[in-house]
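Produce the complete structure using the sequences and hints provided.
Protein chains: 2
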Amino acid sequence: MTAKELDGYLTARRREIEAELDRCVTAGGGRPRRLVQAMRYALLGGGKRLRPVLALASGQAVGGAPARKRALRPGCAIEMIHAYSLAHDDLPAMDDDDMRRGRPSLHAKYDEATAILAGDALLTDAFGVAASTGRTVGAESRLAIVREIAASAGARGMVGGQLKDILAEGKKRVSLSAVQDIHRGKTGALLRASVRVGAIAAGAAKADLRRLTTFGEAFGLVFQITDDVLDEVGDLKSLGKPAGGDRAAGKATYPGVLGMDGARAQARRVADVGYRAIEPFGTRGAALHGLLRHVVERAS
Amino acid sequence: MTAKELDGYLTARRREIEAELDRCVTAGGGRPRRLVQAMRYALLGGGKRLRPVLALASGQAVGGAPARKRALRPGCAIEMIHAYSLAHDDLPAMDDDDMRRGRPSLHAKYDEATAILAGDALLTDAFGVAASTGRTVGAESRLAIVREIAASAGARGMVGGQLKDILAEGKKRVSLSAVQDIHRGKTGALLRASVRVGAIAAGAAKADLRRLTTFGEAFGLVFQITDDVLDEVGDLKSLGKPAGGDRAAGKATYPGVLGMDGARAQARRVADVGYRAIEPFGTRGAALHGLLRHVVERAS
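If you're matching them up, the sequences are chains A and B in order.
Residues in the first sequence are numbered from -9 upward in steps of one, following this note's numbering.
Residues in the second sequence are numbered from -9 upward in steps of one, following this note's numbering.
These are calculated hints, taken from the structure and not from any lab test.
Keep in mind that the hints are not guaranteed to be accurate.
If several chains are the same, the list does not tell them apart, and a pair holds so long as it fits within one copy or across any two.
[As the list claims (entries may be wrong)] Here are the computed lysine-lysine pairs in the DSBU-like style, where the Cα-Cα straight-line distance is at most 30 Å:
#1 Lys(-6) - Lys161
#2 Lys154 - Lys99
#3 Lys99 - Lys161
#4 Lys59 - Lys99
#5 Lys38 - Lys(-6)
#6 Lys162 - Lys59
#7 Lys(-6) - Lys162
#8 Lys162 - Lys99
#9 Lys196 - Lys161
#10 Lys99 - Lys(-6)
#11 Lys99 - Lys38
#12 Lys38 - Lys162
#13 Lys38 - Lys154
#14 Lys59 - Lys196
#15 Lys196 - Lys(-6)
#16 Lys99 - Lys196
#17 Lys154 - Lys(-6)
#18 Lys154 - Lys59
#19 Lys161 - Lys59
What follows is the structure in structure tokens.
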């Protein structure tokens, strides 16, 4: 897949995803208007839609376009979880960020109480969305998707990683394994789950699910390494926030441990593991391959 | 069921529930220690376990003791959601309560960031617990339980009611229908869901699920009316907080609209609807009957 083909693919997938996300928080009514507004502000105000795109591309690797469609609801559930986590992370008691993607963060736009509640609602309703994945996906697979999302987002995954990150702040020396452990929970778990739920929705056989799990883990690690590199060089445009913020806050980063060149080389090595894992899917895996290459290249 | 028999029933059920709740947040490991401590503090520090007891009693009404056991995991999932909601409601940006059940609330004991994250983890992991209800409950029923919990706790249920409650604060006149609407979301939805998930786990037929839904709605309404009455008379011992706090904060209450005697009479009328709904279950419904009577009597 050329860079141009990937662009077209991403544009088409994002359009499907954003239409479905809007339905996820508005369909059927019965929600207070202010809550829906805040949920839509958090969920639909830009963002790369990387997690649901990964879910769709993973479904496609397993079973082509029809399988890709089955991954849409699980992918949207994960994006709702991602959006809630950003809203709660930005709160004054957490990272205290008033800006997100170049505009006021949720609590700055509304107020803290609304931001807490809109986050809680996105998190809760994400499971309603995951559990109402269409009946073309078997009931046991739909349950596996719910469990996968809960495990990756909860105390043993994303929330656990977030707490570890807070506890590590301000420590002077942080080992590479501690950095990896934090990011595996905080960012990696949900990216891995994005790939896995797409595969599960598509009805992947065990061996294929194993291959895609390896890919998802590699993807998560490359994502975090390159995120740290970008934070360091201060790509204000793509991150929408000032440079070096994480390191200045005393947070563990890959460049802080490996240096900039070392971090970039590590990203390429890990990406190779991901590419190899999806070789058996041939051209059906082209979108996954393109997504990973895209993430590697953003830091080069 | 005599008052003494009900006491014995509650003691036995609470013991089962608390053992299972502890397993829900510790089994398998992999969670940061501080997070587990905070989750256990929020989840296991007292409380009447009303919601999981309702789930168990509802399962029992449908199919006796074996069915009651199947309702344990869904009931515990709902208790985890209840515990997260208290932790988030107590936050400075929300109700700003430093005390809960006669001891420091979660953020007062730890800090705000930990309270937000422990709440998020309890909410997320609740769905993992619900989805891993044992295989004696069919996969479609387990999915229905996940959807039931998400719908009752999310934007159209508890979180929506909480936001409406905040928006109504400080208004001088609040109609009875507005009061009912707020409480139906904020408290009623999760109590109704407690009864329904117990019934679904027990494999209730449609007509029985309908009867138990009516009971659950009546229970939720009686609970809220008597909660408001207790708040007004200031039963410091049973609520663990000062008297008249809700009314003083400008919140809509039943006694504020109906007067104290009017609120008590309304609670008895609604309870009668609940008793009638479960008559067809005979002695199997005795625990549900006793629980409702217990709630009515606390305000008389």
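Run through the hints listed earlier and report the numbers of any the structure violates, in increasing order.
The structure conflicts with hints 1, 4, 6, 7, 9, 10, 12, 15, 16, 17, 18 and 19, although it agrees with all the remaining ones.
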